[in-house]
Structures are given as C-alpha cells and as structure tokens.
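Trainee: Make a model of the complete structure from these sequences and hints.
There are 2 protein chains.
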Amino acid sequence: MTRTTAEPFTLTCPIPLMDYPRVLMAHGSGGRMMQQLIEKMFYRAFDNPELLSGHDGVTLDTGGIEAGRVVFTTDSYVIRPLFFPGGDIGSLAVFGTVNDLAMCGAKPRYLSAGFILEEGLDMETLWRVVCSMRQAADRAEVKIVTGDTKVVEKGKGDGLYINTAGIGEMIHAVHLHPRSVKPGDKVIVSGDVGRHGMAVMAQREGLSFESDLASDAAPLNHCVMTLLDAGLDIHCLRDITRGGLAAVLCEIAQSAAVQIDIDQQQIPINDTVSGACELLGLNPLYVACEGRFVAFVAPAAVEQVLEIITSFDQGKPVSIGEVTAGEAGLVTMKTIIGGQRILDMPSGELLPRIC
Amino acid sequence: MTRTTAEPFTLTCPIPLMDYPRVLMAHGSGGRMMQQLIEKMFYRAFDNPELLSGHDGVTLDTGGIEAGRVVFTTDSYVIRPLFFPGGDIGSLAVFGTVNDLAMCGAKPRYLSAGFILEEGLDMETLWRVVCSMRQAADRAEVKIVTGDTKVVEKGKGDGLYINTAGIGEMIHAVHLHPRSVKPGDKVIVSGDVGRHGMAVMAQREGLSFESDLASDAAPLNHCVMTLLDAGLDIHCLRDITRGGLAAVLCEIAQSAAVQIDIDQQQIPINDTVSGACELLGLNPLYVACEGRFVAFVAPAAVEQVLEIITSFDQGKPVSIGEVTAGEAGLVTMKTIIGGQRILDMPSGELLPRIC
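If you're matching them up, the sequences are chains A and S in order. UniProt numbering numbers the first residue of the first sequence as 1 and each following residue consecutively. UniProt numbering numbers the first residue of the second sequence as 1 and each following residue consecutively.
Read the hints as simulated data drawn from the structure, not as lab findings. Built from N, CA and C at the ideal position, the CB exists for glycine as well. Be aware that one or more of the hints could be misleading.
Here are the simulated lysine-lysine pairs, DSSO-like style, with alpha carbons at most 30 Å apart [as the list claims (entries may be wrong)]:
#, chain 1, residue 1, chain 2, residue 2
1, A, K40, S, K156
2, A, K154, S, K182
3, A, K40, S, K182
4, A, K156, S, K156
Just so you have them, the derived chain S footprint on chain A, three or more residues with Cβ under 8 Å [what the hints assert, rightly or not]:
#, region
5, 20-27
6, 31-37
7, 70-78
8, 147-158
9, 166-175
10, 195-206
11, 263-275
Mentor: Rendered as structure tokens:
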C-alpha cells in the first residue's frame, strides 16, 4: 500500500496565444474573449471528454453508481496568498472538496470549477493555478468536468476565488456520520495538526522559521478508500479544516450527544508549528489542517486503522482519546501538566481566509 | 398545462436571534458564529432532510436515476445590484443553474450553494437573498442540499457572491446538444429578448422608463420537461444569457458547423427594451436574458413547440429563422429594412456583471 502518485502534469503557458497578459472585464462577457479563455486555458489544462463536450452542463458516465449512492458537496476557496509552501488555491480547491466527499465515505469522481476573477489578474497566475488544479485532480483521481468564469472589477475581489462542487460515489455500505459515533469509540487523528494554517500565516506575515513549514494539504480519499475496503468498524470521519481539531471535536460531540475525552500529550504537533503558535499567541488545536482527519472507530479496529493510515505516509496517526456517555457536547482534555480543561468551539476569528 | 406556482415561502427574519446585524470575519471561521449563521439562517430557510443531515457532504436519494443519466453543472453569480426589478442574486442563482440543467434535457433535482460574503454585509440583506433562493427553489422544484460559507474582508468582495452547482436527472433518451443541430432545423426563440440585461442596467444607472421594465428571470425546466414529455423532435436548447441571442447563435453555428439565417423582423423585443437600448447605444441582440431560450427543432415539430411554450406564459415564442448547410459558423440576419448582415460574437464587454 503506497500513496498514489500520478505523473506530474506539465504544460507550457498558453499566454502567447492569449493576446492579453491580464484578465479584463470582457473575459467574463460571454463573448469571444471568454470563449478564448475557456478554450485556451481551461479546456487545455483540464482536458477530458466530459468537459470538452461543451454544453451548459455535462452528462456524466455514472454507469455503475448504484441508485441512491451519489454524494454531493461544495466549498468556495478564498485563501490568501494564492500560493503558499505546500500548495496554492488551486490544489486546495481540489483536495478540499475531494476530502469532503471522502469523509462521507464516497469515492470522489467529478468536480465542477467556478472561477471569480478580479480584473487585472495576471493570466500567468491563473495558468499556474489551473495547472495546479489539474495536477491535484490527477493525484486525487477525479476529473474537472464543468465550469464557469466570472470577472469582477478591480477592487471587488482579491485576485481569484474558486468554488468547486464534487460528486462522489458511495461504494461501501457504510454510514459514516457524526451521529454514528458511540461511547467507547476511540478518537484517532491521522497526523500532526495545525501545519496548514501556520504555513499560510507564515507566508502571509513574511515570518521565517528555522525549519521549513509546509502545508499538509493533500487528498485523503485514497487512504479513506483503503480503510473502507478493509471493512473496518469506523463510525465517523471528519477532515480537520477551519476551526482546527478543537472545532471538529466540539461539533461531533454536539451532533452525537456524547462526551469526548482527549489527552493533550498524545496530540501530534510539529515543533515548528508549536513555536510559531507560541510566537503568535495561537493555540494549535484551533489551527486548520487540509490533509488531516479524525476517525471515530470501534476499539477493535484501532490497530488496523493506525496501520493503514501510516502506510500512506501522510502523517503519523495516533489515538488521542475516546468517546464516553458523559455529558452530551462536552470535550475535555487532560493537559500535559496533568490537569483537565474543557475545549470550546472557537468563537472569534484568529486566522481569516485560511482556505 | 399551466405554469407551476409554488406557495410563496415566507419566514420572519431571524436577525433578533443572530446577535450581529452585519457579517463579521468570524462568521467564516468554522467556529461558533459560523455554526449559528448556518443553523439560524441557511438551515431555517432551505430546510430539507438532506441539508439537515449536517455532514461534509450529502448522500442523495437518487434512487430511480438510471446509470449514466446524471447531469452536472455550475455557475457563479456576481450580479450587481443584488436586487433588481423581477429578481435578485438569490433567485438568479437558482434559476440560472436550473436552466443550465434544463437545457441539457435534464430534470433539475439538487443544488449546492456556496456563499462568499463581504465583511459588513447586512444580515437582513443576506436573509432576503436566502429567502428568495428558497422561494425560487420551490418554484423550480429543486432542493438546496449542501452549502458553504466564506467571508472576505471589506473591500475584497462586493456584498455577496453565490455559486450554485446543480445535479439533474436525464429522464428522456434525448441528446440535446449544439452538435445535434442540422440543416433544415427551425430556430425558435421562446420570448422577447434583452429584458434581463436592460432591467439590471436601468436599476444600476438609476434610469427610469415610461413603463416598468422587469427582468425575465424564470425557471425554464417545467416548460422544457413538457416539451420533452411530448416527444417532439428537438435537437438543441440553449438559454440566452451573457452575450445575448447573438452570442448563442454564433456559438451554436460554430459548434454544429452550420450556417444560421435569421429574420430581424421576427425577433421579439419589448418596446421599452428597444428604447432603452437605443438610448444607451446597445444592440438588444447582445443583451442577456435569464428566462428565455433558443430551440433548434425539426420543421414538423415547430407548431407543437410554439404551442407548448405559449402555454407556459413565459413569453411569446416565435420562429426566427433556420439552419442551412451554408458556411460553417456563419450567422446572417435579414434586417428590417431588407438588407442582410452578419452577426458576430461580441468581443468587448458592454454590460458587466449582469449575472
């Protein structure tokens, strides 16, 4: 079991063909310039028969998807800066939506891509993002099959926003859901937390750290599919994004009406992340990841779950605690110094536009 | 056959419950405030079991959709102003995506909704838009089943952008596509053109006309389903949006590699629209609609197609011309004064952010 690595997608920039080095309002007009942008940029990068069918929507080859097994999700991406160590808005827009499908237990199949471009955006920047999306889609084994482009005036956007919606296929008869979480379940985190948020913050604020800090952004679907293929007794999966590990645990404790007790000592946090958080006065448990998830599993399945996640080399998974009948919605943490504290949902906004 | 009219959806504004009269960055944080926004605003307005299942994605009841019959599409909406005579960004975001599915011959079933909110947006404005989306979804008979909310800093957006992606079901074994258009086909336009664009322009520029000018924005799916239920020999449908009637005809003439000849005299244009266009130096054939479509149909089907469209009371349909083998990609128009001119794809941008 090794991580799927697709051939990297490389393509020279079509800008010499594009006549315009920057995005103009007319690129969103429905006319010739929009047609040119779509054909020379999007069709070329995403290149697949469904997309090239070129109609208002696309009929999907969902032959083989059993009735009632289609999963649907959407996310918009407004991260800044557009490029950061370990990724960019394009790869994030693919992985984020792919991961949402995977967390439902679905095999991601198709994505849409809606671009909101700010007038004046460099075509080369757009091309880099679009190529990154294609590369990310290849890695996650999904296709970008339909899309849309809008242009807003300078000062009414921030370079580029992307929405992706995704369609996945439920292959296994599982019901992964917060409400399936039960007392006795073990809580597994798939790797160290907080790296994405801190990598973006460092880039944004121009901070440099002793060692390189790269985002953990990654597609989780191959790992999740392997877990499900193995038929393990898993009750819920949730990717750790906005609000960090703490928000995920609080939300699930509420939905499932259970108590969750975790042990701070067990939570894997990279030293550079810890240091950066200390410097900025942040708690890493509230900082977003983009390639980590929490799994709620029956005790008997813990060992195998840890083994499979480890084999994907996307982080070192650890069991950090367990679910009890205790008080519905409560999340407690045994601290490193031996005390106990309550973990709350974050209420303010410490790290805006992290995804 | 009458137009479907759903019970209007009314709900009092939950602002007293929301603590904050305006959108803050924290409403996009993944924390408590975002949770509150989702539960008190989106869950309340869109209210359906799929949405309320509250996971990263939603498993759809697509039982009964035959394998290989799922249609997928997306559009972002950046129109300004947010409210205009005959609609708003919310109803547009529903009808626009519903219409894209309908143009493929699909019965629209499910929508996603991705919101990009600008910090400082009035909660009441958001609520009006969200209620309008629900009302539009009821009218189109689709459900908004999954969503996402992001917040960007003041000055990095323009109040509110919405992306909707849509999933539809191919019920009929038809292949409506530009490449299915054949010489001999008649070109039918479903009603008067240019009303949406001019209504929005008038609102934006503070122009007032002698008579009220309202957008034609409307869901076209019920009309299209009735056309397909009747088993008529229809080859292609296309809604008239950005770029207007001219752009649609040029695009289809190119895709199908046919010539299209139309008769200006036959093209229905509302008098107020004509007057406003003249005033602003615009050609109504390049102005967007949001509730009109072009149908390419076999001559034998023309009469029944006109009859069915008429019965929906969404405009008076007219046959405006025909397809010939002539020159691939060419669109010619017999002018009112008896000459002939070529219709080109629009190249610049006359009416930005019309959808």
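Trainee: Now look at each hint and say whether the structure bears it out.
Mentor: Each hint tested on the structure:
| no. | hint | result |
| --- | --- | --- |
| 1 | A/K40 x S/K156 | holds (28 Å) |
| 2 | A/K154 x S/K182 | violated (43 Å) |
| 3 | A/K40 x S/K182 | holds (27 Å) |
| 4 | A/K156 x S/K156 | holds (5 Å) |
| 5 | 20-27 | holds (count 3) |
| 6 | 31-37 | holds (count 5) |
| 7 | 70-78 | holds (count 9) |
| 8 | 147-158 | holds (count 10) |
| 9 | 166-175 | holds (count 4) |
| 10 | 195-206 | violated (count 0) |
| 11 | 263-275 | violated (count 0) |
Checked against the numbered hints given earlier, the structure breaks hints 2, 10 and 11 and satisfies all the rest.
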